[in-house]
Amino acid sequence: MAWQTTFEIRSRGRGTQEITQEISGVAAASGIACGVVHVFVQHTSCSLMLCENADPSVRVDPETLARRWAPDGDPASRHNNEGDDDMPAHARSILAGTSVSVPLANGRLLLGTWQGIYLWEHRADPQLRHIVVTVTG
Amino acid sequence: MAWQTTFEIRSRGRGTQEITQEISGVAAASGIACGVVHVFVQHTSCSLMLCENADPSVRVDPETLARRWAPDGDPASRHNNEGDDDMPAHARSILAGTSVSVPLANGRLLLGTWQGIYLWEHRADPQLRHIVVTVTG
Amino acid sequence: MAWQTTFEIRSRGRGTQEITQEISGVAAASGIACGVVHVFVQHTSCSLMLCENADPSVRVDPETLARRWAPDGDPASRHNNEGDDDMPAHARSILAGTSVSVPLANGRLLLGTWQGIYLWEHRADPQLRHIVVTVTG
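Residue numbers (this note's numbering), protein chains in the order written: chain H, 11 to 147; chain E, 11 to 147; chain A, 11 to 147.
Bound conformation, chain H alone (with noise of 0.2 Å):
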C-alpha cells in the first residue's frame, strides 16, 4: 500500500525552513499506520535533512562549513551560468542529498526528540521549491 501527495514551498534563499509539520501532517493523512515516509524534493539545488530542532545555531554553522566544502565562485569551476551560487549548490545536494526516509509507527514520525525535518535551501534567492511524499507500508 502506498500513499503520495505533493506540495510546493517558497524558500527565502540560502538557509533552513522546517518542514516537520508538513510531512507529519501528510504522514497522519496518509491513514497508514507502520511503514516509512519518504521525502523527495525534485530539485538539485536545495536539500531535504534532518537535523537538530532546538538550538538554531546548529542551522547556522552548516552554512559557514558548506562554504568550505564548495566555494561560491570558486576559480576552478566550469558551471557558473547562472552564478557563484550555481555549482556550489549543486555540490551541497549531491553531500547533503534530496530525499529523506523517516519510519512512521501508529500514523506518526518516528522522530528522535532533537530531530527536525528541513528544506535547506542551497542558492542565494528564494526558489519554488516541489516536494513528494510518499508513504509506504
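The set of hints was computed from the structure by calculation and includes no laboratory data. All clues given are correct.
So the derived label-pair ranges between C-beta atoms look like this: (1) A43/H x D94/A: 47 to 55 Å; (2) R78/A x A43/H: 43 to 51 Å; (3) A134/A x Q31/H: 45 to 53 Å; (4) Q31/A x G23/E: 42 to 50 Å; (5) R78/E x T15/H: 36 to 44 Å; (6) A86/A x E28/H: 35 to 43 Å; (7) R77/H x R88/A: 28 to 36 Å; (8) L138/H x V70/A: 21 to 29 Å; (9) G23/A x A39/E: 39 to 47 Å; (10) G35/H x R88/A: 41 to 49 Å; (11) A39/E x G35/H: 26 to 34 Å; (12) N91/H x A134/E: 37 to 45 Å; (13) G23/H x Q31/E: 44 to 52 Å.
Note that CB positions come from ideal geometry on N, CA and C, so glycine has one too.
Once you've looked at the hints, dock chains E and A against the given chain H.
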C-alpha cells in the same frame, strides 16, 4: 506490508561499530521475502553508513578526513554548548546521513560481498543510540 | 507489494554515467503504479546520485571538489592497498551515498525536469558495478 522493530546500541565514542548481524536478524524475523530494509537512527550527532567490511583501516581514515570536513573546536562555530565536538558531530551526520536502506531478497539483505552496515558515532564520548528498522515489501 | 531486479553496468573509471533510462524501464516493468523506486549499488567505492541532467559541466566540477574532500595519495591515509584512489573512493561513497530513492506515480519516476540518476564511479579504473532496483508500493 511493513514490519518494524527498534533496538538500542551503546557506542564507544567516536568510531564505527558494525551492526550488519543485527539488521540481518531483523530482516529474517520480519517474514518478508522481497522489499527494502530501512535503518534509521533517532539522533543528529551520529550516522549510519555502508562501508567496506574487510580492512579495518578503511573505517579509520574517514575519522581523519572528517576532522577536516568539520574541525573540532572550530573558532567559526557558534553551536558549541556541548563542547568542541558538538557542531562537528551534527555536520558529520548531515554529510554521512542518518539512515541506510538495503534491498531484501529471499529474506536476506542484498549487500555486496564487501559491504557492511555501521553505526558511526560522531561524539567523543559513548552514547546510547536508538535505531528503528522498518521492512517494507 | 514489491518488485525487484538487478543489472550490471561497466563504468569507465572516474566520472558519471546516466542510468535514468534504465531505472525508468525497471519502474515501468514493475507494474506498480504508486510507490518508491529504491536504487542500490552493491559496492563501497562508487556512488549513485541525482544530479542536473542539462549542462555536462555540472558533473565535471564535483570531481574537482571531491579531490579536495578526499585527496588521492593522501599521506595521512592508511587504507591504500589498492592504490592512491583506494581510500578516496570509499570516502566519496560515504559522502555521496550508495543509493537513491525516487517516488513513482502512474508507473513513472517523479523526477524534476532537471534531475537525472547517475552512477558516479570513484575508482580511477573501469569497474563492473552491480545495481539492485526494488520498487515498493
